[in-house]
Structure formats: C-alpha cells, structure tokens
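Participant: In case you want the letters, here they are:
There are 2 protein chains.
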Amino acid sequence: MSNSAPHIVSAFEDALKRLKSAIVQMAGAAETQLDQALSCLTHRNPELALEVVRSDAQLDSFEHEIEAHCMRLLALRQPVADDLREVVSALKIAANLERIGDHTANSAKRAAAIEVFPESAPLLGLPNLGRLVRQRLTAVIDAYVDTDAEAALRIWNTDDEVDALYTSLCAEIERSASTAPGQFTAHMHLMMIAKNLERIGDHATNIAEVVYYVSTGKPLLDERPKADRSCDPAL
Amino acid sequence: MSNSAPHIVSAFEDALKRLKSAIVQMAGAAETQLDQALSCLTHRNPELALEVVRSDAQLDSFEHEIEAHCMRLLALRQPVADDLREVVSALKIAANLERIGDHTANSAKRAAAIEVFPESAPLLGLPNLGRLVRQRLTAVIDAYVDTDAEAALRIWNTDDEVDALYTSLCAEIERSASTAPGQFTAHMHLMMIAKNLERIGDHATNIAEVVYYVSTGKPLLDERPKADRSCDPAL
Chain A
1 MSNSAPHIVS
11 AFEDALKRLK
21 SAIVQMAGAA
31 ETQLDQALSC
41 LTHRNPELAL
51 EVVRSDAQLD
61 SFEHEIEAHC
71 MRLLALRQPV
81 ADDLREVVSA
91 LKIAANLERI
101 GDHTANSAKR
111 AAAIEVFPES
121 APLLGLPNLG
131 RLVRQRLTAV
141 IDAYVDTDAE
151 AALRIWNTDD
161 EVDALYTSLC
171 AEIERSASTA
181 PGQFTAHMHL
191 MMIAKNLERI
201 GDHATNIAEV
211 VYYVSTGKPL
221 LDERPKADRS
231 CDPAL
Chain B
1 MSNSAPHIVS
11 AFEDALKRLK
21 SAIVQMAGAA
31 ETQLDQALSC
41 LTHRNPELAL
51 EVVRSDAQLD
61 SFEHEIEAHC
71 MRLLALRQPV
81 ADDLREVVSA
91 LKIAANLERI
101 GDHTANSAKR
111 AAAIEVFPES
121 APLLGLPNLG
131 RLVRQRLTAV
141 IDAYVDTDAE
151 AALRIWNTDD
161 EVDALYTSLC
171 AEIERSASTA
181 PGQFTAHMHL
191 MMIAKNLERI
201 GDHATNIAEV
211 VYYVSTGKPL
221 LDERPKADRS
231 CDPAL
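Residue numbers (my numbering), protein chains in the order written: chain A, 1 to 235; chain B, 1 to 235.
Note that these hints are calculated values from the structure, not bench results.
Hints may contain errors.
You can't tell identical chains apart in this list, so a pair holds if it fits in one copy or across any two.
[To be verified] Here are the simulated lysine-lysine pairs, DSS-like style, with alpha carbons at most 30 Å apart:
(1) LYS17 x LYS92
(2) LYS218 x LYS92
(3) LYS218 x LYS17
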C-alpha cells in the first residue's frame, strides 16, 4: 500500500498529458481547417468550403470532449496550484480554438460565395493576413506544448502586426469597392473574411495569455496591444 | 467543534452566492453598455461611444475578478457535482459577457464613425435587432438567476429569430448599398454592427447552454439553431 500515492500522482499526470494531447490534436484540426479556408480564397472551391464547414462540427465535438475531461479531472482529482491552472487553461484554450473554427468556417463559406473575385489588390492582402494568423496560431500552440512563457509573451506583444495588416487591408478593400460600385456584396464578403482572420489572430493572442498564465502562475493583466482600432476611428 | 462542517458549507454557499451576484452585476454592466451602444445608433453621439469603449475595460476587469474568484473556490473548496458545475459555469458566462462587451464597444465605435447615416431602411432594422438581442440577454440572465432550465431551453430554441432578423437586415443593407454607390464605408459599418449584434445574440445562446447545463447537469449537445446562415450561401 505504501506506493498508492505515487500511483495516484502518476495517474493524474497521465490524465493531464492526455488533456494536453487532446488540445494539441484539436489545434491541429483547427490549423488544417484554416489552411483549407485560406485555400478557398485563392482557388474558388465550394466542395472544399463544404468540407471546412463540416470539420467545424468536429471542433465543436473536440471542445465538448475536452470540457467533459476537465470536469472529470476537477471532480475526481480536485487539483490545486499548477495542476488546477493546467485544467482550467485547457478549458479556455479549447473555447478559443472552437471560436477559431467558427471564424474559419464562416470565411470558407464567404469565399465560396464570391462568384467573381474583384480584380484588385485586396485579395492578395487576405492570404497574407491568413498566413500571419496561421503562423501565430502554430507558434502559440508550440508555446503551450513547451510551457514557454517567453514565447507566449512574444506572441502577445506582437498582436499589433495583425492589426496593422488588417487595417491596411480594410483600406485596400474600401478603395477597391469605391472603384467597383456594382460589387458591394463581394467586397463585403472580403471585409468580413478579413475581420474573421483578425479575430482568429485575437484568439491566438488570448491563447498566449492563457499559456503565460499556466506557465508562470501570473495573469497578463495589462491591456494587450489592442485589436480593432482598424476601420474604427480613434475616439 | 461539532458544527465546523456546517460552518464550512455555509461559507462555501456564501462564496457561491457572491459569485452569482458578481455575474449578475457584470451582466448588468454589459446590458447598460449595450443600451448605450444602441443609443449611439439612433443619436450620433461620439462622447457616448467613448463611454461605451471605456466601460468595456470595466467588463474585462469583471471577468478577471470572477476568474480569480473561481480559481480560489476551486483550489480551496474543491467543489464537486452541482457546486463544481456552478463554478465552471460562472467562468464560462463571464467569458461570454466579456465578448459581448467587445462586440458592443466595436458597434459603438462604428456607429460614431458613420458621419451621415444612409437615408434608407437598414438603420431601422438595426435597432430592432439590437432590441431583440438585448431582450434575449436579459432573459438568459434571469434564467441564470432562477436556475431555470426550461427558460434557458426556450431561449436556446429561439436563436433562429435573431438569425432571421439578421438575414433580412443584411439583404436590406445590400440593397441600400446598391442604390448609394458612394457610401460603401457607411454601409460596411452598418453590416459590421449587424454582425456584432448577431454575435451578441449568439453569446446569449451560449449562456443559455451553460444555464441549462448548470440547472440540469446535462449538456445541450445537439446543434443549436445555427447562426450565420445569413449572408452566407447554402452549401
């Protein structure tokens, strides 16, 4: 009986590892979905868009499973300190990944809805923004895997790169719309896709906050480099 | 010493009551912020918009406080069953209210940015959509206060009312834009405000899911009446 405590500890550590690996798997699914949505931007492909929408339901299931896993861990193991942070952080990361899936699915649907892409610059800017938020998502999940507070902080501190690109893209889309008055709907979709991508960047930044918190035990309380100045006037 | 257990139970119950009351207070702040943003739609008022943006920071603080409260409760009281659900649900509701604040602040900024509202119908539809999501937010917080699973389910099941109004509003905005080709930016802001309001409706529905779960112990796993069909083609 003397080694029952290590047994329990080890079972809990295994459960935490499984939790982390479920998050990584969910993130992988979100990344694939985002890649496919970005591909819909450059090659009009309604079938692929449909696949993105379908895989969004898979992300919802992932979130439910991770939540159920976390609730079981909280109820049965009653973790404290680092372990408690680990479990609550998994809940929060899963919620952010689920929202990323929503924005991605919406982007794919909108991309497929644009019958003729405006022959102008904005489209070029969209994949750039897409690539940037995709890189940030990968980087923040790497930081999560490595419990790397420094990397998380770096990602958190460079949120304004997304904002800058988004802002210039909004201006580009507006300019393009003004020269093609009959294409309001197409430009509206481009604008909404840009907004979705910016939001995905926001969620990556949220995840960076969570990773910092789980790694250090301290919250990143200050205002983060604020999104959404873009297209919005200084007040 | 014989009554130390009741003491502990009662302290925990008090802590849960304080948690619930913090959520209700946060929801009240979100409602006020939404009322002010809706008022910015009908009376152009940059000062009020600025106030909405400032009060959004207050919602962020609320969320941080509620999170810290929940973490303390989880670590010190190690709740199980109903009590655990209560604590985790508070975390989730606070996260949804914080997002509602973001969408509200963004709407207020955009409303203030529209120098001349297009002389057409969409504007009329926006306050209607605003009122509907406002009612749903109030109703779902009432359901939370009363732990009323039936009310939560009713709210969850009528999410499509928001979608229907949002869809017709998008069509209206597109029509208006096609007759006023020089007003792309104004129409884009109207469209983004509509999207923000629809998202606020989504968050109210998310909260309904949480209230149902906390009231019954069962998750609402089925697909909810799905938002975002609007403006998006059937795939």
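Participant: Is it within a copy, between copies, both, or neither that the alpha carbon of LYS218 lies no farther than 30 Å from that of LYS17?
Facilitator: both (22 Å within a copy, 26 Å between copies)
Participant: Check LYS218 against LYS92 for me: Cα-Cα at most 30 Å, and say if that holds within a copy, between copies, both or neither.
Facilitator: Result: close both inside a copy and across copies, 16 Å intra and 20 Å inter.
Participant: Indicate which option fits the pair LYS17, LYS92 if close means a Cα-Cα distance not exceeding 30 Å: within, between, both or neither.
Facilitator: both (17 Å within a copy, 23 Å between copies)
Taken one by one, the earlier hints all hold for this structure without exception.
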